[in-house]
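There are 2 protein chains.
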Amino acid sequence: MSISMYAASVPLLKQILQSLDAILGKAESHASARKIDPAVLLQARLYPDMFPLVKQVQIASDNAKGIAARLAGVGVPSFADTEQTFAELQARIAKTLDFINAIQPEQVNGSEARDVVVYKGSPYEMQFQGQTYLIHFGLPNFLFHVTTAYAILRHNGVEIGKDDFIGKF
Amino acid sequence: MSISMYAASVPLLKQILQSLDAILGKAESHASARKIDPAVLLQARLYPDMFPLVKQVQIASDNAKGIAARLAGVGVPSFADTEQTFAELQARIAKTLDFINAIQPEQVNGSEARDVVVYKGSPYEMQFQGQTYLIHFGLPNFLFHVTTAYAILRHNGVEIGKDDFIGKF
Numbered sequence: 013m014s015i016s017m018y019a020a021s022v023p024l025l026k027q028i029l030q031s032l033d034a035i036l037g038k039a040e041s042h043a044s045a046r047k048i049d050p051a052v053l054l055q056a057r058l059y060p061d062m063f064p065l066v067k068q069v070q071i072a073s074d075n076a077k078g079i080a081a082r083l084a085g086v087g088v089p090s091f092a093d094t095e096q097t098f099a100e101l102q103a104r105i106a107k108t109l110d111f112i113n114a115i116q117p118e119q120v121n122g123s124e125a126r127d128v129v130v131y132k133g134s135p136y137e138m139q140f141q142g143q144t145y146l147i148h149f150g151l152p153n154f155l156f157h158v159t160t161a162y163a164i165l166r167h168n169g170v171e172i173g174k175d176d177f178i179g180k181f
Numbered sequence: 013m014s015i016s017m018y019a020a021s022v023p024l025l026k027q028i029l030q031s032l033d034a035i036l037g038k039a040e041s042h043a044s045a046r047k048i049d050p051a052v053l054l055q056a057r058l059y060p061d062m063f064p065l066v067k068q069v070q071i072a073s074d075n076a077k078g079i080a081a082r083l084a085g086v087g088v089p090s091f092a093d094t095e096q097t098f099a100e101l102q103a104r105i106a107k108t109l110d111f112i113n114a115i116q117p118e119q120v121n122g123s124e125a126r127d128v129v130v131y132k133g134s135p136y137e138m139q140f141q142g143q144t145y146l147i148h149f150g151l152p153n154f155l156f157h158v159t160t161a162y163a164i165l166r167h168n169g170v171e172i173g174k175d176d177f178i179g180k181f
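Keeping their order, the protein sequence lines are chains S and C.
Letter by letter, the first sequence follows residues 13 to 181 in the working numbering.
Letter by letter, the second sequence follows residues 13 to 181 in the working numbering.
Errors might be hidden in some of the hints.
Derived DSS-like pairs (lysine-lysine); straight-line CA-CA distance at most 25 Å [as the list claims (entries may be wrong)]:
id : chain 1 : residue 1 : chain 2 : residue 2
1  : C       : K174      : C       : K38
2  : C       : K174      : S       : K26
3  : S       : K174      : S       : K26
4  : S       : K67       : C       : K174
5  : C       : K180      : S       : K132
Note that these hints are calculated values from the structure, not bench results.
Please model the complete structure; the sequences and the hints are all you need to start from.
Laid out in structure tokens, this is it:
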């Protein structure tokens with residue numbers, strides 16, 4: 013017995029992207045109710061040389077579409093990092109979900125030993141087999157950036173809890 | 013083709029616990045070099061009603077031993093939450109790693125449909141099958157608390173980067 017590469021990847025990406033979408037919705041409502049300029053939250057960061065919220069969400073989106081695409085053996089769609097509002101970030105998450113939802117289990121299953129290259133052609137290029145990429149690099153990176161987005165908002169007083177992060181599955 | 017429940021769980025727990033151990037070591041060195049009372053970092057939190065660093069590490073330890081034990085079908089060892097120093101937290105991580113390292117692949121493999129109960133007998137009791145527990149609840153919770161520990165230290169100026177979080181695998 014064992015689990016499929018699809019079951020270990022895409023449904024979790026969907027779950028947590030949906031959580032992130034809902035968390036951003038709560039952040040926008042929080043800003044609106046307290047007359048906080050949404051840009052203050054979008055540009056908030058935990059330390060001067062850490063990425064702000066908007067970038068954490070962009071990277072989480074990149075991680076999610078990158079995992080799904082690489083395991084499926086299709087090109088990773090490129091999204092311009094132009095979002096400046098909560099609505100735009102939520103639209104990016106929706107686009108990411110649309111891409112992931114179109115990936116079929118049979119495209120991902122069997123990708124355990126598929127060659128995966130990340131940061132191709134750059135000095136940071138990394139080569140993996142699919143299983144190692146997913147378990148040891150892709151998922152921890154994705155969850156790192158979503159958790160950091162959550163932490164930035166929590167640090168700024170947005171009323172969210174871990175149930176918002178875990179979400180529905 | 014598919015991946016084993018062991019491959020999707022224990023090696024990632026080990027990887028990230030080892031990262032957390034190294035991150036705590038850097039935090040202690042940082043405190044020492046700057047004559048910061050280590051307790052200031054250990055009790056640091058990102059918001060008044062969030063858990064401090066020490067508790068984030070204790071929960072990450074609980075998550076890790078809970079995942080390994082529940083999937084293996086053995087009892088979850090109970091560790092008292094008494095740590096008050098970086099060395100004590102690192103000792104707890106070492107104890108957690110000892111427990112996890114003793115779990116054999118054959119104990120975890122085949123646990124996809126094993127009944128898993130979390131918070132048993134409490135109002136928060138949750139019932140899962142092993143695969144759903146691991147992918148949708150166990151791993152995201154574990155990575156959430158390690159990332160939050162990282163974020164607390166990063167927010168307090170400890171010089172760590174995402175490579176420290178991903179660690180070696």
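Sort out whether S:K26 lies within 25 Å of S:K174, counting only the CA atoms. Distance of about 17 Å is within 25 Å: holds.
Hint check: C:K174 vs C:K38, CA-CA at most 25 Å. Holds or violated? 13 Å, holds
Does the alpha-carbon distance linking C:K180 and S:K132 stay inside the 25 Å limit? Holds - the C-alpha atoms of S:K132 and C:K180 are around 20 Å apart, at most 25 Å.
Within a Cα-Cα threshold of 25 Å, do C:K174 and S:K26 meet the stated pairing? 23 Å, holds
Within a Cα-Cα threshold of 25 Å, do S:K67 and C:K174 meet the stated pairing? Holds, at about 14 Å.
Taken one by one, the earlier hints all hold for this structure without exception.
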